[in-house]
Amino acid sequence: RKEVEQDPGPFNVPEGATVAFNCTYSNSASQSFFWYRQDCRKEPKLLMSVYSSGNEDGRFTAQLNRASQYISLLIRDSKLSDSATYLCVADNAGGTSYGKLTFGQGTILTVHP
Amino acid sequence: DVKVTQSSRYLVKRTGEKVFLECVQDMDHENMFWYRQDPGLGLRLIYFSYDVKMKEKGDIPEGYSVSREKKERFSLILESASTNQTSMYLCASSFSIQGYGYTFGSGTRLTVV
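For the protein sequence lines, the chains are A and B, in the order given.
Heads up: the first sequence begins at 1 in the numbering used here, then just goes up one per residue.
Heads up: the second sequence begins at 1001 in the numbering used here, then just goes up one per residue.
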């Protein structure tokens, strides 16, 4: 079983749509969670951290459900510029992890006019 | 702003050559990582280092070695390049603190012919 599992998509949505990505993680000791965004042929960049209480950054909302080991990202009012691959990330907590993170394979989003 | 710099953006090498990929970070991060990214396989960890002269194997270390003589520099070495090592190589760094994400370099696209 993959440590961090995401639906690879692709998700094709029109501008203005709301889209949600889900992710599950297998390490129950994980403490830190993130969403990264990766544009085509570029490096991943941190989009937002995910906190237990859920957090919002403009049109983006991240939620964490520790009981179900489930992370989500909601994008409202999608823009063409949101087209990218979204990577779900969890830390390798437990033992001497040295801050190592585990990345999901990514979910591809295409926003069309 | 944290900067992670990879020495080459594109590289073409011949089979059997020894290849050095260099990565330098300027934020005094303890942790440094080397990943490769291939279509359909996501990010795969090759090696990481949590301190000077310290290194740990990741998920796919075969055919690679690393060197960390100074805190800011982490080198990936392909001892004898092979065509199956054609890939995008990404370096990342972070503090060894829970809740701290990675910063990635812009990547080196290596082609082995």
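Read the hints as simulated data drawn from the structure, not as lab findings.
Ideal Cβ placement from N, Cα and C applies to all residues, glycine included.
Please note that the accuracy of each hint is not assured.
[Stated by the list, open to error] PhoX-like mimics (lysine-lysine), calculated; alpha carbons at most 20 Å apart, straight line: (1) B/Lys-1013 x A/Lys-100; (2) B/Lys-1003 x B/Lys-1057; (3) A/Lys-100 x B/Lys-1071; (4) B/Lys-1053 x A/Lys-100; (5) B/Lys-1003 x B/Lys-1070; (6) A/Lys-2 x B/Lys-1057; (7) B/Lys-1055 x A/Lys-100; (8) B/Lys-1057 x B/Lys-1071; (9) B/Lys-1055 x A/Lys-45; (10) B/Lys-1070 x B/Lys-1055; (11) B/Lys-1053 x B/Lys-1071; (12) A/Lys-79 x A/Lys-45; (13) B/Lys-1053 x B/Lys-1070; (14) A/Lys-100 x B/Lys-1018; (15) A/Lys-42 x B/Lys-1055; (16) A/Lys-100 x A/Lys-2; (17) B/Lys-1070 x B/Lys-1057; (18) A/Lys-100 x A/Lys-45; (19) B/Lys-1003 x B/Lys-1013.
[What the hints assert, rightly or not] Now the in silico label distances, taken between C-beta atoms and shown as ranges: (20) B/Phe-1095 x A/Asn-22: 41 to 51 Å; (21) B/Lys-1018 x A/Arg-76: 42 to 52 Å; (22) A/Pro-113 x B/Asp-1051: 41 to 51 Å; (23) A/Pro-113 x B/Ser-1065: 42 to 52 Å; (24) A/Lys-79 x B/Leu-1041: 42 to 52 Å; (25) B/Gly-1040 x A/Leu-46: 34 to 44 Å; (26) A/Asp-39 x B/Thr-1005: 16 to 26 Å; (27) B/Thr-1086 x A/His-112: 43 to 53 Å; (28) B/Val-1113 x A/Ala-17: 40 to 50 Å.
Status of each hint after checking the structure:
no., hint, result
1, B/Lys-1013 x A/Lys-100, "violated (30 Å)"
2, B/Lys-1003 x B/Lys-1057, "violated (24 Å)"
3, A/Lys-100 x B/Lys-1071, "holds (17 Å)"
4, B/Lys-1053 x A/Lys-100, "holds (17 Å)"
5, B/Lys-1003 x B/Lys-1070, "holds (16 Å)"
6, A/Lys-2 x B/Lys-1057, "holds (19 Å)"
7, B/Lys-1055 x A/Lys-100, "holds (13 Å)"
8, B/Lys-1057 x B/Lys-1071, "holds (18 Å)"
9, B/Lys-1055 x A/Lys-45, "violated (24 Å)"
10, B/Lys-1070 x B/Lys-1055, "holds (12 Å)"
11, B/Lys-1053 x B/Lys-1071, "holds (9 Å)"
12, A/Lys-79 x A/Lys-45, "holds (18 Å)"
13, B/Lys-1053 x B/Lys-1070, "holds (8 Å)"
14, A/Lys-100 x B/Lys-1018, "violated (28 Å)"
15, A/Lys-42 x B/Lys-1055, "violated (26 Å)"
16, A/Lys-100 x A/Lys-2, "holds (16 Å)"
17, B/Lys-1070 x B/Lys-1057, "holds (19 Å)"
18, A/Lys-100 x A/Lys-45, "holds (16 Å)"
19, B/Lys-1003 x B/Lys-1013, "violated (26 Å)"
20, B/Phe-1095 x A/Asn-22: 41 to 51 Å, "violated (29 Å)"
21, B/Lys-1018 x A/Arg-76: 42 to 52 Å, "holds (50 Å)"
22, A/Pro-113 x B/Asp-1051: 41 to 51 Å, "holds (50 Å)"
23, A/Pro-113 x B/Ser-1065: 42 to 52 Å, "holds (48 Å)"
24, A/Lys-79 x B/Leu-1041: 42 to 52 Å, "violated (29 Å)"
25, B/Gly-1040 x A/Leu-46: 34 to 44 Å, "violated (23 Å)"
26, A/Asp-39 x B/Thr-1005: 16 to 26 Å, "holds (19 Å)"
27, B/Thr-1086 x A/His-112: 43 to 53 Å, "violated (32 Å)"
28, B/Val-1113 x A/Ala-17: 40 to 50 Å, "holds (43 Å)"
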